[in-house]
Amino acid sequence: MDPLVYILDFIVLVGIFSIFSLSLNIEFGFAGLANFGKVAFVLIGAYTYTLLSNINVPFFLCLIAGAIASAIIGFFVSLPTLKLREDYLAIVVLAFGEILKIIVKSEGWIAGGVWGTPVYPAISIAGSSTRLDMAINIALVYVCLFLSFLLLQLLTNSPYGRVIRAIREDEVAAEALGKNRAKYRAQVFALGSAIAGLGGGLFAQYLQFIDPYMFAPMLTFTIWIMVLLGGPANNWGALLGAGMVQLFDRGANIAKDYVTLPIDPGNLQYIIYGVLIILVLLYRPQGLLKESQVKTKAGESIFNGRDFAKNKGD
Amino acid sequence: MEEILLKIKGISKHFGGVYAVNGISLDITSGKIWGLVGPNGSGKSTLFNTVLGIHQADEGNIYFKDRCITNLVPHQIFDLGLVYAFQVPRLFQTLNVLDNMLVAGREHKGDKLLFSLFFRKSWQKKEIELAEKAMEILRLLKLDHLALSPAGELSGGQSKLLELGKGLMASPTLLLLDEPAAGVNPNLGRSMFERIEDLCQTGLSFFIIEHRLELLFDFAHWVYVMDKGKIVLEGKPPEVAEDPSFYHVYLGDE
Ligand SMILES: Nc1ncnc2c1ncn2[C@@H]1O[C@H](COP(=O)(O)OP(=O)(O)O)[C@@H](O)[C@H]1O
Ligand SMILES: [Mg+2]
Numbered sequence: 001m002d003p004l005v006y007i008l009d010f011i012v013l014v015g016i017f018s019i020f021s022l023s024l025n026i027e028f029g030f031a032g033l034a035n036f037g038k039v040a041f042v043l044i045g046a047y048t049y050t051l052l053s054n055i056n057v058p059f060f061l062c063l064i065a066g067a068i069a070s071a072i073i074g075f076f077v078s079l080p081t082l083k084l085r086e087d088y089l090a091i092v093v094l095a096f097g098e099i100l101k102i103i104v105k106s107e108g109w110i111a112g113g114v115w116g117t118p119v120y121p122a123i124s125i126a127g128s129s130t131r132l133d134m135a136i137n138i139a140l141v142y143v144c145l146f147l148s149f150l151l152l153q154l155l156t157n158s159p160y161g162r163v164i165r166a167i168r169e170d171e172v173a174a175e176a177l178g179k180n181r182a183k184y185r186a187q188v189f190a191l192g193s194a195i196a197g198l199g200g201g202l203f204a205q206y207l208q209f210i211d212p213y214m215f216a217p218m219l220t221f222t223i224w225i226m227v228l229l230g231g232p233a234n235n236w237g238a239l240l241g242a243g244m245v246q247l248f249d250r251g252a253n254i255a256k257d258y259v260t261l262p263i264d265p266g267n268l269q270y271i272i273y274g275v276l277i278i279l280v281l282l283y284r285p286q287g288l289l290k291e292s293q294v295k296t297k298a299g300e301s302i303f304n305g306r307d308f309a310k311n312k313g314d
Numbered sequence: 315m316e317e318i319l320l321k322i323k324g325i326s327k328h329f330g331g332v333y334a335v336n337g338i339s340l341d342i343t344s345g346k347i348w349g350l351v352g353p354n355g356s357g358k359s360t361l362f363n364t365v366l367g368i369h370q371a372d373e374g375n376i377y378f379k380d381r382c383i384t385n386l387v388p389h390q391i392f393d394l395g396l397v398y399a400f401q402v403p404r405l406f407q408t409l410n411v412l413d414n415m416l417v418a419g420r421e422h423k424g425d426k427l428l429f430s431l432f433f434r435k436s437w438q439k440k441e442i443e444l445a446e447k448a449m450e451i452l453r454l455l456k457l458d459h460l461a462l463s464p465a466g467e468l469s470g471g472q473s474k475l476l477e478l479g480k481g482l483m484a485s486p487t488l489l490l491l492d493e494p495a496a497g498v499n500p501n502l503g504r505s506m507f508e509r510i511e512d513l514c515q516t517g518l519s520f521f522i523i524e525h526r527l528e529l530l531f532d533f534a535h536w537v538y539v540m541d542k543g544k545i546v547l548e549g550k551p552p553e554v555a556e557d558p559s560f561y562h563v564y565l566g567d568e
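As they're listed, the protein sequences go chains A and B.
Going by the working numbering, the first residue of the first sequence is number 1, and it counts up by one from there.
Going by the working numbering, the first residue of the second sequence is number 315, and it counts up by one from there.
Incorrect hints may appear among the rest.
[What the hints assert, rightly or not] Below, simulated DSS-like cross-link-like pairs (lysine-lysine); rule was C-alpha separation at most 30 Å, straight line:
hint, chain 1, residue 1, chain 2, residue 2
1, B, K439, A, K297
2, A, K290, B, K435
3, A, K183, B, K379
4, A, K183, B, K439
5, B, K323, B, K544
6, B, K440, A, K183
7, B, K346, B, K447
8, B, K439, A, K295
9, B, K346, B, K379
10, B, K440, A, K297
11, B, K544, B, K321
12, B, K346, B, K321
13, B, K426, A, K183
14, A, K183, B, K447
15, B, K423, A, K290
16, A, K290, B, K447
17, B, K447, A, K295
18, A, K297, B, K447
19, B, K456, A, K297
20, B, K440, A, K295
21, B, K439, A, K290
22, B, K323, B, K550
23, B, K456, A, K295
24, A, K295, B, K423
25, B, K435, B, K447
26, B, K423, B, K379
27, B, K426, A, K297
28, B, K426, B, K439
29, A, K297, B, K435
30, A, K183, A, K290
31, A, K295, B, K426
32, B, K423, A, K297
33, B, K426, B, K379
34, B, K423, A, K183
35, B, K426, A, K290
36, A, K295, B, K435
37, A, K290, B, K440
Derived from the structure by calculation, the hints contain no laboratory data.
Assemble the whole structure, with the sequences as input and the hints as a guide.
Dropping the structure here:
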């Protein structure tokens, strides 16, 4: 295999998984919503993309539609649980993910059911090489990643970002200060699902094939490890986590060809994940990067203003 | 001009078989400091929690400015101007002290999803105004030097002060304080009450649970005494202090 293609493939997947981990990070890291059904919203994005692109809808509309479909479904799935304790949400979405997978598997008319279906790449240029296709994918994925990241940075460094963190810390206290927690949670869940749906569309068009088995709970847990490792409530941490887990994944895949293990080498990456999560939770429960502070210019204007005045006086 | 702000009519709240609050009725009017005292476990905090919609009342009705609020949820009650500072401080631990204060800010466009994202100019001025107001309150409470420290690092007394600060930050019409001076340095406790008295002159009203009677009785204009879920005595502080039944209730079991 062309080593450059191998590296480009790595770069594309890091980008797509960064989008997934950012989407879990806004839910779990910032708002405390334990979404154990993330894969369901990736699936919705991927299938929406596929169904629409197969009837020749332009790719950017397919991506947007995937995000919107995911957001709407996310909103309604989370709705009944948002006033309950957080663990109800976790259970409901976990079950929802599995149910969705079963539906897609058994309904042959939805993108080939259990057999899966090919997906057209978003942008294809006649006679192009694999390398060029990869480069196009990198451009597409990283534009989407950049936009998602920017959106989330703006959101988390705003009064809104402060409110969702407050609800995560103490929902009763936040409610007693006028914050409608159910509303905030529904919004965050819809937003997180939209971003996951966008990533799902990119995932489908990059792999050029989808089937229900790609959307197993393992995908959800991989995204969780990325967020926990990188540092919840830090958008840079979500990127770092995605990069590192992908790196471990590749490492394990290469290593298993060279080392002889007393276990099934196909399971090596799961073992590494397990060890990783235990180490992180034991030694660095806040993740590699610490929670970012809310930066809205309010603090800065006050403190810099004062320091500035003092310096001038000196 | 005096108006009835809070009207509690026959409120009861029980946990299992225990009546924590048992048929309480009282009125709170504007521009004054009202006190609520009683031995531990007499139901004072439960009464406040019920008024604030954190607990649902089993019987009776609560009115705020003539509006029935019995079935409203806490954030709706907050919007009407009724604010609560908890007995055990409920701070947002990982947020810094200034951010804790800012969460309590009222009518902030930046709290809304679309405004926070796409109309940043529309709330930035308000954000700075609120931050200045927050710093003013923090200076008053002698917490300004900790403004950028995480709330989780505060001492017990400082946490109590920040809990009060959040309440003041919310520009309430009526502020319910649950033992604000508990765990706070005695001198600061007194200056806190002096400040509360000043705020009262500006039209803010207070309903205060306090165990430090020497403080409360110096500042409150009227005191209710609770025992076993009922109001057993009420009056001006000196009258209450001289009532023999007061000592019986308050010190009886101890
Ligand atoms: N959430 C609750 N669940 C069960 N019992 C409670 C709860 N809150 C308070 N109680 C009980 O109600 C009674 C009154 O408590 P509380 O209102 O905290 O008294 P006070 O504030 O006057 O010390 C006590 O017997 C207490 O154990
Ligand atoms: Mg109490």
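Each hint, compared with the structure:
1. B:K439 with A:K297: holds (10 Å)
2. A:K290 with B:K435: With a Cα-Cα distance of about 28 Å, the restraint between A:K290 and B:K435 holds, given a limit of 30 Å.
3. A:K183 with B:K379: Measuring from Cα to Cα gives roughly 27 Å; hence the hint holds.
4. A:K183 with B:K439: Distance of about 25 Å is within 30 Å: holds.
5. B:K323 with B:K544: holds (12 Å)
6. B:K440 with A:K183: holds (23 Å)
7. B:K346 with B:K447: The hint holds at about 23 Å.
8. B:K439 with A:K295: holds (14 Å)
9. B:K346 with B:K379: holds (15 Å)
10. B:K440 with A:K297: Since the Cα atoms of B:K440 and A:K297 sit roughly 11 Å apart, the hinted pair holds (cutoff 30 Å).
11. B:K544 with B:K321: Holds, at about 16 Å.
12. B:K346 with B:K321: Distance ~15 Å between B:K346 and B:K321 Cα, so the pair holds.
13. B:K426 with A:K183: holds (10 Å)
14. A:K183 with B:K447: The hint holds at about 27 Å.
15. B:K423 with A:K290: holds (28 Å)
16. A:K290 with B:K447: holds (29 Å)
17. B:K447 with A:K295: The given pair, whose Cα atoms are some 18 Å apart, holds under the 30 Å limit.
18. A:K297 with B:K447: Given that 30 Å is the threshold and the Cα spacing comes to 15 Å, the pair holds.
19. B:K456 with A:K297: Holds, at roughly 23 Å.
20. B:K440 with A:K295: holds (15 Å)
21. B:K439 with A:K290: Distance ~29 Å between B:K439 and A:K290 Cα, so the pair holds.
22. B:K323 with B:K550: holds (21 Å)
23. B:K456 with A:K295: holds (24 Å)
24. A:K295 with B:K423: Measuring from Cα to Cα gives roughly 16 Å; hence the hint holds.
25. B:K435 with B:K447: holds (19 Å)
26. B:K423 with B:K379: Since the Cα atoms of B:K423 and B:K379 sit roughly 26 Å apart, the hinted pair holds (cutoff 30 Å).
27. B:K426 with A:K297: Measuring from Cα to Cα gives roughly 17 Å; hence the hint holds.
28. B:K426 with B:K439: The hint holds at about 15 Å.
29. A:K297 with B:K435: Distance ~12 Å between A:K297 and B:K435 Cα, so the pair holds.
30. A:K183 with A:K290: holds (27 Å)
31. A:K295 with B:K426: holds (16 Å)
32. B:K423 with A:K297: holds (15 Å)
33. B:K426 with B:K379: holds (27 Å)
34. B:K423 with A:K183: holds (15 Å)
35. B:K426 with A:K290: With a Cα-Cα distance of about 26 Å, the restraint between B:K426 and A:K290 holds, given a limit of 30 Å.
36. A:K295 with B:K435: Distance ~15 Å between A:K295 and B:K435 Cα, so the pair holds.
37. A:K290 with B:K440: holds (28 Å)
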